[in-house]
Amino acid sequence: MTIADAKALSAVDAVTQAIARARQHESFNAILHIQEDRALERARAVDAGEITGVLAGVPFIAKDNFLTFDGPTTAASTFLKDFHAPLQATAIEKLEAEGAICIGKANLDAFAHGGSTENSAFGVTKNAVDQTKVAGGSSGGSAAAVALEIVPFALGTDTGGSIRQPASFNGVVGVKPTYGTVSRYGVVAMASSTDTIGVLTSNVADANTVMEIMAGKDSKDMTTLPDFWSTRSLDGPLKIGLVTESMTDDVDEGVRIAVSSYVESLRSKGHTVEDVSMSLLKYALAIYYVVVPAEISSNLSRYDGIRYGRRATAESLAEVYGKSRDEGFMAENKRRIMIGSYVLSSGFFDAYYLQAQKARTLLINEFNELFSQYDVLVMPTAPTPGFAIGENAHDPVKMYLADIMTVPASLAGLPALSVPAGVDEHGLPVGVQLIGKQCDDGLLMALAQQMEAA
Amino acid sequence: MIHQDVLDSYEMTIGIECHVQLATLSKLFSGANNDARDKNPNTAVSPIDFGLPGMLPILNREAVELAVCAGKALNAEIAEVSRFDRKHYFYPDLPKGYQITQMYQPIILAGYVDAPLLDGSTVRVRIHHAHLEEDAGKLSHYDGYSLVDLNRAGTPLIEIVSEPDIHSAAAAKAYATELHRLMTYAGVTLGDLYHGNMRFDVNISVAKKGATELGTRAEIKNLNSFRSVERAAEYEFIRQVELLESGQRVVQETRGWSDATGKTTSQRSKEDAQDYRYMPDADIPPIVLTKDEVERIQARVPALPQSYRDAWVPLNLDRSVVDALLANQSYAALISSVQVHAGDDAARRVAHWFASAVTQDEEQTAIIASNFSPEGYAELADMVAKNELSSTAAKEVFAELLTSDQAPRSIAEARNLLQVSDESAILAIVQEVLADPASAQSILDIKAGQEKAIGFLVGQVMKRSAGKANPALAQQLIKQQLGE
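Those protein sequences? They're chains A and B, same order as listed.
Note that this note's numbering numbers the first sequence so that position 143 is 205, with each residue one more than the last.
Note that this note's numbering numbers the second sequence so that position 243 is 277, with each residue one more than the last.
Be a bit skeptical, because a hint or two may be false.
With a cut-off of at most 27 Å between alpha-carbon atoms, the simulated DSSO-like pairs for lysine-lysine come out as follows [said to hold, decoys possible]:
id	chain 1	residue 1	chain 2	residue 2
1	A	143	A	385
2	A	331	A	301
3	A	385	B	172
4	A	396	B	121
5	B	121	A	420
6	A	279	A	156
7	B	242	B	297
8	A	69	A	156
9	A	143	A	396
10	A	385	B	502
11	A	301	A	344
12	B	502	B	513
13	A	282	B	121
14	B	429	B	481
15	A	279	A	344
Please keep in mind that the hints were generated in silico from the structure rather than gathered at the bench.
Because the structure is a prediction, the values reported are computed rather than measured.
Chain A on its own, in the form it takes in the complex (with noise of 0.2 Å):
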């Protein structure tokens, strides 16, 4: 399902078939709630000419930490079960402004915590696939809304690999633009050093048109760049490195050999790939898993029972704060809001936090060298294509271990594309990642696009 496929009907048709086939896979649970009401009034506002753009009439769905009119944005949790948002994200408005229509919000795990939306509070997402499987996450929800082709697009957020790890597992594309191309204004924040908004098509075109929306300067997030989006085409063969590290034994062999397959296509259009080492790469998790569970214990603070969502009853101030928290959180919420707080505790902020960021300045120096080299580098998106549900469920390091590949990218601001390159044995799909340096997302896309053209 395109973006053309859905110009192609009228608005009132895209919609309405886009919501039935929504409803006809429920068992998926890809999706929270459809905005049924709004969607069909903004379709047959398209229809009469009243509302016009690229997108004028094509229904996707927003991942449910975006902020949204008409139904609540729950971040699939407890917390904001009931949260009616009072504005909408950026990101939503300006894809509303080119005729867009949001029919409804996608699961994820709670506060996009997780890589498998098995930490929802609304139930796990299935593999578009293989039921049997996870859908990855933390945008499980939108990245099988997509495959299922309910929707030509879907939003979604990368802070670890939330976009790239899902797009993977089922078999689309997942953009994760550089740090800073999309406002962050109206998505429920994670870790504010390393969230972005992003994503998730089935064809490379279509996820240009859409970021090329999306990108830009926004006064109401001071972290957005001067809008660089630009289409690029190719001018010649690039200079690709395949980071050895990546492939290892310990990566599943169908991943290895999806990737190597993809490495023989780049070679056959004439670039050039060549193995480089990356020896940092071995720390990224665990950088990662120290600066992000900081800037989550941060950002989650403001959800306290005060102001809005989840109060518990409770007879004093403390315990409106403890009670109202631990029923609005899922428990890898809270093993992320205590590890970030332990980081951050007097004593242990220089051991953990700062020695962190040192490491993560040194990741980005290697990464920057690599790319006075390299064009660009490809690895594996995931060490393994989509798991079984409930297989890592219960150890949370190996649950980390499947961001191994889609970190570094992240701690670094770097912009990264998931491509599906095939599928396993089983027939699981398998993505390719795709990094290049800041701000050549263009590049990354027109790389993609001639591959995905071969």
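Given chain A, work out where chain B should sit, using these hints.
Relative to chain A, chain B alone:
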């Protein structure tokens, strides 16, 4: 009661942290109205101040510029790069669960304040640093419940942290007073103490004079007047000395001050101190200021109190007059303008008129004058110098001039206050008086050499002229007429 000799054997050491609310139109990180005075609760609040999910801080450039101006008033360097950090704690008046502040790289670096003391000397208090941060909201407590008002949440503050350079309650008050003057003169704050525009936290410890180590300190939080800074320091000094003298120790703690009881009381001890888990705020890029930008911003800082004191030395004003004038920046500027345009004598006259017109309460900043044109006041001074007005009449004209756009001469004319210096007119009255039989005795007395008797005759002239005759001229003419 502890003996004065014992008290005298101790010295207090004080450092002051002062929170200054900045006079910006909007809040530090949102577009909400920053002036919440007399507004209904929670009506000056944006989704950002409210801590809604997905909201991000947008730094108010005006607040940065006011901090840069404050830096000039504090004789401080401005950091080329400063950053924001988050200070975490849970309280219902803190919507995000953290306060955005500057823990590691503040915008204002080391500086100093010279505060004048009553005896004419000056105490120099070094400034450790000052940083930008947001204010919290307000809680009000009722029977069984509390209400939150977030109007103040997000109001920009600078917190000015002094070194422990203060060693008396009077010096503490002098520092607080001078800081208030500096911040209001520099346009950094409205300086309304009643509405909490400036709040002082006083850290105080005592030790035997000559001791090499400082004692354990207590922090008196949230003092909102200069007098309470002084009284709290006085009280705390005696309390701590009494503790030590009776063999107890001073506990490191936060204490509150009550103006009503005149006492400090324990609020929480160090053991309850929270771990604020400071961390950099990734939502806000660093503030980067070049030397040129700092200079351009600081160019808007007008004359500061000390420059007025220096300029007024030739006026020979009493300390109390200087203080009364400095209490209102507009008066100070006016006097200096008169001084520049009409000279020291005119400025001295105008200074005294203003000093007696304004209240002696240093904290009273209400503006009683709306006419700030120096020309009018200079002209009034000139009329007195030229004997066109008596000093009593001049005060009457001045009182009206304060709120009038009329020229002083028109006011004097309308009130019929101009002195008659026309010799022929006064001569006619003098002749009338001398011809009056009631004057006969005085004339005889004068001729007998009793000079003082002339006063009666001058008085008669003044009476007949309804106070308008120039008394010096009248006296001269009387003497002439009596053939002296």
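Of the hints given before, which are not true for this structure?
Result: hints 10, 14, 15 break, sorted rising.
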